[in-house]
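Q: Given next are the chains, with one letter for each unit.
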Amino acid sequence: MIVVEKMGKPGVAIVSGRFESDAVASSRAFGMPDLQWVVVPHIYRNLDPETCRTQTEDAIDDIIASLTSSIDARQQAEQTDTRRYEGEDRHDAIMRMNQEFINEDLGDGLLLHPPTAESVAEMLTGTNLPPDHEVCDMPPGFGVATIEKIAINAVMAGAKPEHLPVVIAGVKALSKLGGQGGKSLLMSTSPQAPLLIVNGPVTKSLGFNPGSALGPGRDNQVNTIVGRAFALCFRNIGHWYFNKMDMDTIGTSRKFIQCIAENEDASPWDGFHVDQGFKASESTVSVFVTDGELDVQDQGNHTAEGLLKNLAYGSTFGTMSLQSPRGGQERLILMPPDVARPVGTQGFSKQAAKEFIHKHSRGSVGKLMQYMPLEGEARVHDHWKWLENLTEEQLLQITVPIMNDPDDCYILVVGADRAKTAVFPSGPAPVTEGIDQYMA
Amino acid sequence: MHLLEVSNPVAIQRGVLNAISASNRPATLDDKTVGLIWSGTHGGDIALKRAGEMLQERFENVKVNFYTGGNYTTPPAIVPQAGEECDVVIGATAD
Chain A
1333 MIVVEKMGKP GVAIVSGRFE SDAVASSRAF GMPDLQWVVV PHIYRNLDPE TCRTQTEDAI
1393 DDIIASLTSS IDARQQAEQT DTRRYEGEDR HDAIMRMNQE FINEDLGDGL LLHPPTAESV
1453 AEMLTGTNLP PDHEVCDMPP GFGVATIEKI AINAVMAGAK PEHLPVVIAG VKALSKLGGQ
1513 GGKSLLMSTS PQAPLLIVNG PVTKSLGFNP GSALGPGRDN QVNTIVGRAF ALCFRNIGHW
1573 YFNKMDMDTI GTSRKFIQCI AENEDASPWD GFHVDQGFKA SESTVSVFVT DGELDVQDQG
1633 NHTAEGLLKN LAYGSTFGTM SLQSPRGGQE RLILMPPDVA RPVGTQGFSK QAAKEFIHKH
1693 SRGSVGKLMQ YMPLEGEARV HDHWKWLENL TEEQLLQITV PIMNDPDDCY ILVVGADRAK
1753 TAVFPSGPAP VTEGIDQYMA
Chain B
1135 MHLLEVSNPV AIQRGVLNAI SASNRPATLD DKTVGLIWSG THGGDIALKR AGEMLQERFE
1195 NVKVNFYTGG NYTTPPAIVP QAGEECDVVI GATAD
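Going down the list, the sequences are from chains A and B. Numbered by my numbering, the letters in the first sequence go through residues 1333 to 1772 in order. Numbered by my numbering, the letters in the second sequence go through residues 1135 to 1229 in order.
The set of hints was computed from the structure by calculation and includes no laboratory data. Please read all numbers here as calculations on a predicted model, not as lab measurements. In this text, a Cβ means the ideal position worked out from N, Cα and C, and glycines have one as well. Wrong hints could be hidden among the right ones.
Unchecked claim - Example chain B residues on the side facing chain A (calculated, C-beta under 10 Å, incomplete):
id: 1; residue: Leu1138
id: 2; residue: Ala1156
id: 3; residue: Arg1184
id: 4; residue: Val1198
Said to hold, decoys possible - Some residues of chain B that are not near chain A, with every Cβ distance over 10 Å (derived):
id: 5; residue: Arg1148
id: 6; residue: Asp1165
id: 7; residue: Glu1194
id: 8; residue: Asn1195
id: 9; residue: Asn1199
Please work from the sequences and hints to get the whole structure.
A: Following this line, the structure appears as structure tokens:
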């Protein structure tokens, strides 16, 4: 509608009740706070046709008014640089700050460190860039990501100055993801969430854990804190607030974002950052967007082909898009050393392993397409219309590759000893950003 | 008593810095062309078509154009097309 309004034509959007706060946030993010919308009670997608008609009839007066009445400018909250809290002592003041930040949804639900002028100044010593330097506009809400705002959120997460360049690089990488930083995916009702993975010397110098990297606790302190700093930037700079610009139906614990490291010492191959065009001696962070997670167990394979076939079969879960001729998915594979080592030593390059997995990851089209009926849905691409004439039995017998291309499979060696691989549906393609350029 | 002063972590949005106003509205929809933009999701087409019917019932000489690119999300090309060809536009995401 904003495109239409920019052309000088009145527009109005019909939105369901749960999405009104999304409409408010999106209209601000995309540059038209006075955009008009009309609210109906229910999401149309799963309503019967008669209810679709009747709830529209109930809204028609509002639709007409939005198109024919003059528009009053909506009030916008003023931005302030600082906030003040009085308490009986420092602890009490910090708790009051935390309560207000939680009430305004500026945190992740856990205790926040107070971003005082002193702590922010100390954080800024971690980078060579000035506080007012604009790194990017951070999606999905396109907040202006200055070094200072990133530092403030890093302080709140409990990060140290030496962590700041990783956070800055992560913020920058996110803004480069396909489709305006993966804007639509990040705002989706599905639980897409970023996962950050670092490579290069910084993994050891900062103490990232490349072993059992995704859990809580002492060993993952750096993984957790840096991931949390990025996540707070995502909220308060990217405006990725739940029920405003993050419309998850159920949500996911993956939104407590973590920043893990590739286990380069245990890998038979080059690090992922080398695949992405960086030198092995450079430090990088890669941002993946994941949409689920599956533990693929292996109980006894010891040949490369046996291990990879099991992994390929384990990667066939999920659904297939019918919205384009290439309906395949991407897979992020966190491969533990006990799988990577035999695969590599038995002659598979990383590319050969990806090609093998691609070849053997095939799923029944009948199962993969169940999520969306073929009729009454304009989003089904003409390429798939031939499926309409097949019986369910025929559909179940046809298999298609889960991934369109071997390069839609991303292999990183992560984990402790034991052949249990983590497979994530992922996409759009990850972005890797150098860290060294942001260091003090 | 202890006074704690902290920095605001919230960044201003580029869209707020570069905000534009809504366009002027006509007094009536008589003799207007109404564009209906469907994003392709279930039910949105039914809702939009019913809205178009009701506008034709309530106003004189209303023409209705229905647009869909047949794919999600609304393909950019049909949005400016609707803006070019219509006087007002109604959209529905169905989500």
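Q: If a hint holds in the structure, say so; if it doesn't, say that too.
A: Comparing the hints with the structure gives:
no. : hint    : verdict
1   : Leu1138 : holds (4 Å)
2   : Ala1156 : holds (4 Å)
3   : Arg1184 : holds (5 Å)
4   : Val1198 : violated (13 Å)
5   : Arg1148 : violated (5 Å)
6   : Asp1165 : holds (13 Å)
7   : Glu1194 : holds (14 Å)
8   : Asn1195 : holds (15 Å)
9   : Asn1199 : holds (12 Å)
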